[in-house]
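Each protein sequence line maps, in turn, to chains A and B.
Residue numbers for the first sequence follow our numbering, beginning at 266 and rising by one.
Residue numbers for the second sequence follow our numbering, beginning at -17 and rising by one.
Take the hints with a grain of salt, since some may be wrong.
[Stated by the list, open to error] In silico BS3-like cross-links for lysine-lysine, where the CA-CA straight-line distance does not exceed 30 Å: (1) 39(B) / 372(A); (2) 301(A) / 39(B); (3) -9(B) / 372(A); (4) 282(A) / 303(A); (5) 282(A) / -9(B); (6) 303(A) / 329(A); (7) 333(A) / 316(A); (8) 303(A) / 292(A); (9) 316(A) / 329(A); (10) 316(A) / 39(B); (11) 321(A) / 282(A); (12) 303(A) / 372(A); (13) 39(B) / 292(A); (14) -9(B) / 333(A); (15) -9(B) / 303(A); (16) -9(B) / 316(A); (17) 303(A) / 321(A); (18) 316(A) / 282(A); (19) 329(A) / 372(A); (20) 301(A) / 325(A); (21) 334(A) / -9(B); (22) 301(A) / 329(A); (23) 292(A) / 329(A); (24) 301(A) / 333(A).
In short, the hints are calculated from the structure, not lab data.
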Amino acid sequence: SQELEQSPQSLIVQEGKNLTINCTSSKTLYGLYWYKQKYGEGLIFLMMLQKGGEEKSHEKITAKLDEKKQQSSLHITASQPSHAGIYLCGAPPADSGGGADGLTFGKGTHLIIQP
Amino acid sequence: DSGVTQTPKHLITATGQRVTLRCSPRSGDLSVYWYQQSLDQGLQFLIHYYNGEERAKGNILERFSAQQFPDLHSELNLSSLELGDSALYFCASSVDPLAGVKYTQYFGPGTRLTVL
């Protein structure tokens, strides 16, 4: 079965600093989703990357997909307290060629922003 | 607000009992997915329904079942509950699962189940 490994598991960053979170898949990526979760709450959709080399940005968050490395990265520029939370990457099932079905998720990266 | 609603928000029950969690998808979404999130297992896919029909199963226990009704809302039934079933249960919805990776799953706020 497919596994997504996120690194780091947790991250403490001073407000205003940049940071990067990585997500590496054990199998071919047919797309990659990034979500943000506040503790105990629902997942908020951030971005979807569909093909290799794709890069998307929303406000101060940029995500890239490297199909060859089976990896995606999420970069936050000039971090703010509002960026604090758990970041989760999710991928459609590799075994069905990325067909629509339940997503496989990484364990998440806990981000803390220090003032 | 994703547009996906879940009830109840919290549920406390005893071992051996049966509970039903409810989910209403976003307007126009035909697919409903159920997930379980626990500290040790993380977020895991349980089951997917599309327009009333079961589409795929993930790591769903035999004690658990789901259905999707004609009005597209879905219910997840958990029976013979064990302490280990305590978790956050999320449903998500998407427009068209046949669109491949172009579908986006929008998550509800979750139901926190505590089994005592």
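Against the structure, the hints:
Taking the CA atoms of residue 39(B) and residue 372(A), the gap is near 20 Å; set against the 30 Å cutoff, the hint holds. Simply put, residue 301(A) and residue 39(B) have alpha-carbon atoms about 25 Å apart, close enough for the 30 Å limit, and the pair holds. At most 30 Å may separate the alpha-carbon atoms for a hinted pair to count; residue -9(B) and residue 372(A) meet this at roughly 23 Å. A C-alpha spacing of about 20 Å is found between residue 282(A) and residue 303(A), which places the hinted pair at or below 30 Å, so the restraint holds.
With a CA separation close to 36 Å, the supplied pair residue 282(A) and residue -9(B) exceeds the 30 Å bound. For the proposed pair residue 303(A) and residue 329(A), the alpha carbon gap of about 23 Å is at most 30 Å, so the pair holds. With a C-alpha separation of about 11 Å, the suggested pairing of residue 333(A) with residue 316(A) holds against the 30 Å cut-off. Proximity of residue 303(A) to residue 292(A) is assessed by CA-CA distance (about 28 Å); at most 30 Å being required, the pair is judged to hold.
For the hint pairing residue 316(A) with residue 329(A), the CA-to-CA distance comes to about 10 Å; that is within 30 Å, so the pair holds. Restraint check for residue 316(A) and residue 39(B): the C-alpha separation of about 26 Å stays at or below 30 Å, so the hint holds. Distance check on the hinted pair: residue 321(A) and residue 282(A) sit about 20 Å apart at the alpha-carbon level, within 30 Å; holds. A threshold of 30 Å between alpha carbons decides the hint, and for residue 303(A) with residue 372(A) the separation of about 14 Å falls inside it, so the pair holds.
Only pairs whose Cα atoms come within 30 Å are accepted, and residue 39(B) paired with residue 292(A) is accepted, the gap being roughly 20 Å. Note on residue -9(B) and residue 333(A): the hinted pairing is violated, with a Cα-Cα distance of about 41 Å set against a maximum of 30 Å. Distance check on the hinted pair: residue -9(B) and residue 303(A) sit about 15 Å apart at the alpha-carbon level, within 30 Å; holds. The straight-line distance between the Cα atoms of residue -9(B) and residue 316(A) is roughly 36 Å, outside the 30 Å bound, and the hint therefore fails.
Pair hint residue 303(A) plus residue 321(A) holds up; C-alpha atoms about 22 Å apart against a cutoff of 30 Å. Straight-line distance between C-alpha atoms of residue 316(A) and residue 282(A) comes to about 29 Å, which keeps the hinted pair within the 30 Å bound. In summary, the hint linking residue 329(A) to residue 372(A) is supported, as the alpha carbons are separated by about 19 Å, within the 30 Å threshold. For a cut-off of 30 Å, the pair hint linking residue 301(A) to residue 325(A) stands: about 14 Å separates their Cα positions.
The hinted pair formed by residue 334(A) and residue -9(B) fails the criterion: a straight-line CA distance of about 40 Å is larger than 30 Å. Using a Cα cut-off of 30 Å, the hinted pair residue 301(A) and residue 329(A) holds, with the two alpha carbons roughly 16 Å apart. Of the supplied pair hints, the one linking residue 292(A) and residue 329(A) holds, its CA atoms being roughly 17 Å apart against a limit of 30 Å. Simply put, residue 301(A) and residue 333(A) have alpha-carbon atoms about 25 Å apart, close enough for the 30 Å limit, and the pair holds.
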